[in-house]
Amino acid sequence: KAGVTQTPRYLIKTRGQQVTLSCSPISGHRSVSWYQQTPGQGLQFLFEYFSETQRNKGNFPGRFSGRQFSNSRSEMNVSTLELGDSALYLCASSVRLDNEQFFGPGTRLTVL
Amino acid sequence: GENVEQHPSTLSVQEGDSAVIKCTYSDSASNYFPWYKQELGKRPQLIIDIRSNVGEKKDQRIAVTLNKTAKHFSLHITETQPEDSAVYFCAASIGSNYQLIWGAGTKLIIKP
Chain A
2 KAGVTQTPRY LIKTRGQQVT LSCSPISGHR SVSWYQQTPG QGLQFLFEYF
52 SETQRNKGNF PGRFSGRQFS NSRSEMNVST LELGDSALYL CASSVRLDNE
102 QFFGPGTRLT VL
Chain B
-5 GENVEQHPST LSVQEGDSAV IKCTYSDSAS NYFPWYKQEL GKRPQLIIDI
45 RSNVGEKKDQ RIAVTLNKTA KHFSLHITET QPEDSAVYFC AASIGSNYQL
95 IWGAGTKLII KP
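Chains A and B are the protein sequences, given in the same order. The numbering of the first sequence is the numbering used here, which starts it at 2 and goes up by one. The numbering of the second sequence is the numbering used here, which starts it at -5 and goes up by one.
Simulated from the structure, these hints should not be mistaken for lab results. Hints should not be assumed to be uniformly reliable.
[To be verified] In the DMTMM-like style, the derived pairs of lysine to aspartate or glutamate whose C-alpha atoms are separated by at most 25 Å in a straight line are:
#1 A:K58 <-> B:E9
#2 A:K58 <-> B:E(-4)
#3 B:K16 <-> A:E101
#4 B:K36 <-> A:E53
#5 B:K36 <-> A:D86
#6 B:K36 <-> B:D21
#7 A:K58 <-> B:E(-1)
#8 B:K62 <-> B:D43
#9 B:K101 <-> A:D86
#10 B:K62 <-> A:D99
#11 B:K105 <-> B:E9
#12 B:K52 <-> B:E9
#13 B:K105 <-> A:D86
#14 B:K52 <-> A:E101
So that you can see chain A by itself, here it is in the shape it has in the complex:
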């Protein structure tokens, strides 16, 4: 079956703009998690959605938000971009969080 896909793969924005990233999970997976990855900072958990509800949330400011649609596809939005938001944003899908998470290829966001 098809893996997790993310669009776009690369994005360049300027400070103050907003951005929306998209994630399509593996068919049948209802859990979608989002992570921010910067060099040397590991995987920083943003939030997790399950059946259109945000179940878990990491320690990120309110500028970071997300949603999940009825087909389990998920979007992440970052408003008022800052230079420090430059990172690789990964999404991962799973049947449930205590099962294997399958990661997408990521969206590399550069904020100038």
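With chain A's structure known, arrange chain B on it following the hints.
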């Protein structure tokens, strides 16, 4: 808040030797502990996981041990090979929704 400490941050071993990475968690109720491997430029992939009702799990050259009393779990890789070079992340679940708290990662370098 809950956290997971992972050590060492960098581990260099001779090809053929064993490698051990240790993680310590803070939530005594954690019951799911996965390990992910991320090769350079690639997405993280699950290599092994363990649940709290099991003390050890093996998969070929990889094993994970769990000490619930001491609240730590370790990844053991035997007969290391060049393809084992990667960053390894541990995680521990918290709460009824199995939110994962991630370690900071260990860069494993296999010397030829």
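We went through each hint and held it up to the structure:
no.: 1; hint: A:K58 <-> B:E9; in the structure: violated, 40 Å
no.: 2; hint: A:K58 <-> B:E(-4); in the structure: holds, 13 Å
no.: 3; hint: B:K16 <-> A:E101; in the structure: holds, 20 Å
no.: 4; hint: B:K36 <-> A:E53; in the structure: violated, 28 Å
no.: 5; hint: B:K36 <-> A:D86; in the structure: holds, 20 Å
no.: 6; hint: B:K36 <-> B:D21; in the structure: violated, 30 Å
no.: 7; hint: A:K58 <-> B:E(-1); in the structure: holds, 20 Å
no.: 8; hint: B:K62 <-> B:D43; in the structure: holds, 15 Å
no.: 9; hint: B:K101 <-> A:D86; in the structure: holds, 24 Å
no.: 10; hint: B:K62 <-> A:D99; in the structure: holds, 18 Å
no.: 11; hint: B:K105 <-> B:E9; in the structure: holds, 6 Å
no.: 12; hint: B:K52 <-> B:E9; in the structure: holds, 20 Å
no.: 13; hint: B:K105 <-> A:D86; in the structure: violated, 35 Å
no.: 14; hint: B:K52 <-> A:E101; in the structure: holds, 16 Å
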